[in-house]
Amino acid sequence: DVVLTQTPSTLSATIGQSVSISCRSSQSLLDSAGNTYLYWYLQRPGQSPQLLIYLVSNLGSGVPNRFSGSGSGTDFTLKISGVEAEDLGVYYCMQATHAPNTFGAGTKLELK
Amino acid sequence: EVQLVESGGGLVQPGRSLKLSCVASGFTFSNYGMNWIRQAPGKGLEWVAYISSGSSYIYYAETVKGRFTISRDNAKNTLYLQMTSLRSEDTALYYCASDYPGIPFAYWGQGTLVTVSS
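Residue numbers (our numbering), protein chains in the order written: chain A, 1 to 112; chain B, 1 to 118.
Hints are supplied without guarantee of correctness; some may be wrong.
[Unchecked claim] Residues from chain B shown here face chain A by an in silico Cβ test under 10 Å; the list is partial:
id, residue
1, Gln39
2, Tyr100
3, Pro104
[Unchecked claim] Here chain B is said to cover these stretches of chain A; the calculated rule only asks that three of the stretch's residues, wherever they fall, bring their Cβ under 8 Å from a Cβ of chain B:
id, region
4, 51-60
5, 96-108
[Claimed, not checked] Below, simulated DSS-like cross-link-like pairs (lysine-lysine); rule was C-alpha separation at most 30 Å, straight line:
id, chain 1, residue 1, chain 2, residue 2
6, B, Lys65, B, Lys43
7, B, Lys19, B, Lys65
8, B, Lys76, B, Lys65
9, A, Lys79, A, Lys108
10, B, Lys43, A, Lys112
11, B, Lys43, A, Lys79
12, B, Lys43, A, Lys108
13, B, Lys19, B, Lys43
14, B, Lys19, B, Lys76
Since the hints were derived computationally from the structure, they do not count as laboratory data. Values in this document were obtained by computation on a predicted structure and should not be read as measured data. Don't be surprised by glycine CBs; every beta carbon is placed ideally from N, CA and C.
Based on the provided sequences and hints, a complete structural model is requested.
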């Protein structure tokens, strides 16, 4: 199975600070058709996960544009440009290029 | 508004069985693939099983293959997970999640807790 390694495991930020989360894959996530199936989800405390970013860099419905995704091949990044209180929680990257779909271990974003 | 409501969780002894349900509303259930994903207490997310819109394609994680069975009833807008030979390591919050074209796990339910303990 593809292993996704997220760093850091915990991220402390102040409101308004910009932060980045890295997701590194054990295999390239580029498929033979030129698609990269890398996604980001946020799980707020006590809630179920919700989609943030699909196909590396596309914002999910209703997701604020302070979120952005980038990357290619095996290295991907989620950036939050100006953290807000509602952004706190655990962020997961997920790949769907290689079966089975696998998640990273998560990055917990907390207030400093 | 998309809604997914899971039920059927509870406390069960090792080796016993349990069947989870997920009722969908707010979208055309029969058009989309569906998944079960679980989260052990304090841990991350693990995909468990997938079923295509017409039930033609079914896949399982190796950790549950041969013990769990995913199914759906499109007439009832309901997804199921039959779990047998349960183990302590199956203890988790079980989410159902719907796919959307190009987006796995686009929508999630609130989960139902399964605890396997004697």
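- Query: Straight-line Cα separation of lysine 76 of chain B and lysine 65 of chain B no greater than 30 Å?
  - Reply: Distance ~26 Å between lysine 76 of chain B and lysine 65 of chain B Cα, so the pair holds.
- Taken at face value, is the distance from the CA of lysine 108 of chain A to the CA of lysine 79 of chain A at most 30 Å? holds, 14 Å
- Confirm or reject the coverage of the region 51-60 of chain A by chain B under the rule of 3 or more residues with a beta carbon closer than 8 Å to the chain's beta carbons. holds (count 4)
- Message: Checking hints one by one. Is proline 104 of chain B an interface residue toward chain A, by the C-beta closer than 10 Å rule?
- Response: Proline 104 of chain B check passes; min Cβ-Cβ to chain A is 5 Å, inside 10 Å.
- Query: Is it true that the CA of lysine 65 of chain B sits at most 30 Å from the CA of lysine 43 of chain B?
  - Reply: holds, 21 Å
- Item | Satisfaction of hint between lysine 108 of chain A and lysine 43 of chain B, Cα-Cα up to 30 Å | Holds: lysine 43 of chain B and lysine 108 of chain A sit about 12 Å apart, inside 30 Å.
- Would the pair lysine 19 of chain B and lysine 65 of chain B pass a check requiring their Cα atoms to be no farther apart than 30 Å? holds, 15 Å
- Query: Are there three or more residues in the region 96-108 of chain A whose C-beta lies within less than 8 Å of some C-beta in chain B?
  - Reply: With 9 residues closer than 8 Å to chain B, the region 96-108 of chain A meets the three-residue bar; holds.
- Query: Within 30 Å, alpha carbon to alpha carbon, are lysine 43 of chain B and lysine 112 of chain A?
  - Reply: Within the cut-off at roughly 23 Å; holds.
- Return the status of the interface hint for tyrosine 100 of chain B: holds when the least beta-carbon distance to chain A is below 10 Å, violated otherwise. holds, 9 Å
- Task: Double-check glutamine 39 of chain B for me: the hint is only fine if its C-beta lies closer than 10 Å to a C-beta in chain A.
- Result: holds, 8 Å
- Message: Run the distance test for lysine 19 of chain B versus lysine 43 of chain B: straight-line Cα separation, threshold 30 Å.
- Response: holds, 23 Å
In this structure, none of the earlier numbered hints is contradicted; all agree with it.
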